[in-house]
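J.: Line by line, the protein sequences are chains D, A and Y. For the first sequence, the working numbering assigns the number 1 to the initial residue and increments by one for each residue that follows. For the second sequence, the working numbering assigns the number 1001 to the initial residue and increments by one for each residue that follows. For the third sequence, the working numbering assigns the number 2001 to the initial residue and increments by one for each residue that follows.
Rather than coming from a laboratory, the hints here were simulated on the basis of the structure. Warning: the hint list may mix true and false statements.
[Stated by the list, open to error] DSSO-like, lysine-lysine: derived pairs with alpha carbons at most 30 Å apart: (1) Lys109/D - Lys2340/Y; (2) Lys175/D - Lys109/D; (3) Lys2340/Y - Lys2312/Y; (4) Lys44/D - Lys1449/A; (5) Lys2310/Y - Lys1451/A; (6) Lys44/D - Lys1396/A; (7) Lys120/D - Lys184/D; (8) Lys1438/A - Lys160/D; (9) Lys114/D - Lys200/D; (10) Lys1438/A - Lys1451/A; (11) Lys2340/Y - Lys133/D; (12) Lys1129/A - Lys1203/A; (13) Lys2310/Y - Lys120/D; (14) Lys1451/A - Lys2289/Y; (15) Lys1133/A - Lys1203/A; (16) Lys109/D - Lys2289/Y; (17) Lys184/D - Lys2310/Y; (18) Lys2064/Y - Lys109/D; (19) Lys2306/Y - Lys109/D; (20) Lys133/D - Lys2289/Y; (21) Lys133/D - Lys184/D; (22) Lys1451/A - Lys2185/Y; (23) Lys2224/Y - Lys1449/A; (24) Lys133/D - Lys2185/Y; (25) Lys109/D - Lys2310/Y; (26) Lys72/D - Lys160/D; (27) Lys133/D - Lys2312/Y; (28) Lys109/D - Lys160/D; (29) Lys175/D - Lys200/D; (30) Lys1129/A - Lys160/D; (31) Lys1451/A - Lys44/D; (32) Lys1133/A - Lys44/D; (33) Lys120/D - Lys175/D.
[Stated by the list, open to error] Covered stretches of chain Y, as calculated for chain D (at least 3 residues, CB under 8 Å): (34) 2069-2076; (35) 2144-2153; (36) 2164-2177; (37) 2198-2204.
Predicted model, so just to flag it, every value in this text is computed and none were measured. We treat Cβ as the ideally placed atom computed from N, Cα and C, and that holds for glycine.
Here is what each chain is made of, one letter per residue.
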Amino acid sequence: MAEETQKGTLGGFPNPPAKVRVEQSSPLPTRVREYFGHIADVVKTFWEGLSVTLSYMVRRPITVQYPDRTEKRVADMLPSRYRGLLEVDMSVCTGCMACERACPISVIKVSTDKDPTNPKQRVITQFDIDESKCMFCGLCVEPCPTGAIQHTREFESTMKSVDSLVFRWVPDPEKPAPFYRPVKGQDAPRAPVGEILRKKMAEASWIAPASILVPDGPNKD
Amino acid sequence: MKITLGLDSTSLTRRYPRLAILVTLFMAFGVPMGLYVAALAIFPLNTPERLNAMAQQWFDFDLAGSPYRYLVYTVFLLLVAFIAVNYTAVFGGVSTWVERRVAGRMQSRIGPNRTGAAGFLAWVADAVKMVLKEDTIPASADNLLFRGAPYFSMVGLLLPFVVLPFGESAVVTDMNVGVFYVTAVTAFVVVGILVSGWASNSKWALFGGIRGAAQVLSYEIPAGIALMVPVLMAGTLSIQGIVRAQGGAPWDWFVFRNPAAFVAFFIAVTSSLAEGNRTPFDLPEAESELVAGYHAEYSGFRLAIFLMVEWANMWIMAGLAVTLFLGGWQVPGITDEMYKSALGTGLVPAPTWFVYQVLSMLVFAIKTWALVFTFIWLRWTLPRVRVDQMMSLCWKYLVPGAFLCFIVTLLWQILVPPVGATITGIVLTLGTLALLVKFLVDTRRNIDKVKGEHVDLSNW
Amino acid sequence: MAIDMQLDRHILRRTESSDEEIVVNFGPQHPSTHGVINFVTQTNGEVIRRSVPDIGYLHRGLEKIGEQVPYPGYMPFTDRIDYLAAMFANEGYAVAIERLLGVEAPPRAKYIRAIAGELCRISNHFISVGTMAQDIGAATPLTHALRERESINDLLEELCGARLTFNYHRIGGVAFDLPEGWAVKVLRFLDHLDSYIQEWDRLITFNKIFVKRLANVGIITREKAIDYGLAGPNLRGSGVNWDIRRDMPYGAYPDFDFDIPVGTGRFGTVGDCWDRYFVRVREMVESSKIVRQALAKLPEGDIQAKVARKLKPDAGEAVGRVESARGEMLYYVVSDGSEKAYRLRVRTGSFMAMGIIEELSHGIMVADLIAIIASLDVVAPEVDR
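Please build the complete structure, drawing on both the sequences and the hints.
T.: Next up, the structure:
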């Protein structure tokens, strides 16, 4: 719809904005009442707004002064279902790779192999989770039969190098983790959620170069 | 996991918290007190007669006849200007701190609270940062105008300090056309806005500049007329004269002595808000529409000047309203004769005079800060008006209102005997007090009306 | 600069211009365009001649991703289609796939879906009205709204573990049951909310300046609203009494008793910005009614129907529509028998709202354009997907 440029009628001044209501001249008393009504409205609504704002000055601000002026660590104040960083307890991992299949963005990489010393046993030689890509959706936690992989309440994971954010839960492929065989009728003896992760992160230093936490492994992507 | 920043030292104030408190106290009280004391000491001395007398008595030097007397006068004037500019800068900074803390609590959050005790040094840090920033000028901007625009605004800000009385004698000069002078020089700020908007060669800045020009020019008219009302009541254009015509007690203030003056006070304050580009009239720099408007392309020290102008302008607006309507520096209980008699003979006045002066400066500061707090409060409560609504407010409501107040005051001064003013004073004072109490009660009730809220002053 | 002007000229399809008119880009980086959207505006001083939205800055190919990821794995991506009303995005997808499979969620899951959805609606409307107030100039109501929204964020965090991208619904139901003591916390919050909205009204809704800025601005008539395909509060603000929860019922909504607020033109004309704003404020009150009824009548049972882990629905297509906070959210899924969708199409309310902006922009002022965009509750991720 090509519109021609309309020149205004007053020497090139722009057209006034389209009026919505046709302004009929109402009788004078109505207009006078409206005029003073506007002023009264202004005073009334300003009064209410200003009193609300002033009352907020004596209420407690909701700011949580993280990280140093909270009563507890913030991670300990979060609800138990909070989806923080992932943690895997390798001692109860069955090697079913259901979590790897469930992840929509393929951040979990699990490699299994036959145990060279025991042909009846299979071992997990690699269990890498790329926390830098993880979107914390929780789809990997649901299909796990023993609850080995869980979301913890930890969320602080600043590292100097992005590669350090690949958490290797089998740090040394020479020392693989055996498949756990679940016992019927018993819950798997998983460590309390968060313990292993906190220990692992306390040992790591954030400014360490990538090679400390990420040894050159067989499937380094 | 413990995050160490890889640096060897944490900041000085983290290692020595007492140092933070000391520096804060120095900046919060030491510097302003120093400025006030300097103002009190230097401003009254700033006339040729007093300088001559001082040179005669203390240094046995005939200044009046010396060919270098203008040099000495100029040096003193520069000293006065130095104090005034410093005061502007310090006030601008401190008011940003007050604004950020007050705004924070009104918005259910805390303002700055880590730099220095209670976050008071945040403005110092900001000022230092601004000075150290890179000075960028858009490539297609008009170089000379771009560089010069902030200084127009700064001039418009600083000139009214010449007649603004901080206390009974702490005024740079008492012009006999003080009100007229102030109305004239505050218009300099709009030159800065317009020039910066144009010279930035950016459409956003241009929008802001044009809006600003329209706004400030329109609101000069109701401001000027409303400011004439106390002039009529006092019979003089000199600001000190107007203050002396009022008294210390609230019923002696001009705002209460005349119903038209009461209305004119609100018109004057509204127009001042519009001239100072404060919400609800901050269209020239509407953050959510124009992304900083006329000073969008500025950075570093030039931006600091624009921002200082905006905040220190609050002092001018509030100071003017206080001197003309709210009794200025008049202390309840201290009359003109007491000031004069405390002066004594000799060059240096008696200590009582200094006590009176300090009291008057204190009263002025308290009243002005109360009004500044109100401006901050209005800013963080009210939305912004649109350009055409701002214009219609000015021309359809404020200008007729101001004219009406002017005429009513004229007739009042002629027809009504002085006792009428006293009665009106007492009635309006009591009425305002009642409204204030009701307002505070309403405010308290607001908290009770919402389930789960209560008064809680923790979390600073 | 030359490329800019060609692009602008192309967007505006303008062949001639007068000297007084300038072309301004509102965005894509702008505090008030609710995301990265560019509005190429041709103005004559303060008065706009035309303003054309230029979208696509936030396109992430989410519909294409739907063809790459298996059905259950796509749920987190639906969060990102509209992260302010993520529960509805989840629910719409779940409903569409459930219709494809021919399963239905159990009653308890439907009730929980309604609870979670309505809480999410309240949370979204807080942002919507808060940012609208900020665009008009008042900075404080936004922070107050976010303060209230924090309570909802905390509640939903307890429920599903995340504050924004919930990933709570599953195909066939919901992921977790209500935690211990959660219902009590929700009821306490709702008590607070009902009295809080009155304070909100006193602070900003009836403020004279706010009303004057929004009344009679951006009027959308009934016919135009229907023609342009608007949905949700935008449609109801123009006086059209249409709500999918009542008119095409799904889930547990037939069991609840609630009103549908419709614009009445109280301070101006029906269909102006203030009406749309007020409809949202009233919807928050209605949502709290729904949550109360749902918590009171919550049935026992499963929270998820039995659905295979590796989903391979029969070839076919299905549509799932939910009344999202921002209008109707429609998921159209075509399956070819494999475990990934053949085509996934998402139709969102904000995308439809983009179409009407050009028509509304003739002859208004710059400040009004901001008010209109804010009142349409446009969210960039919904527009671009």
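J.: Of the hints stated earlier, which fail here?
T.: 5, 8, 16, 20, 21, 23, 24, 32
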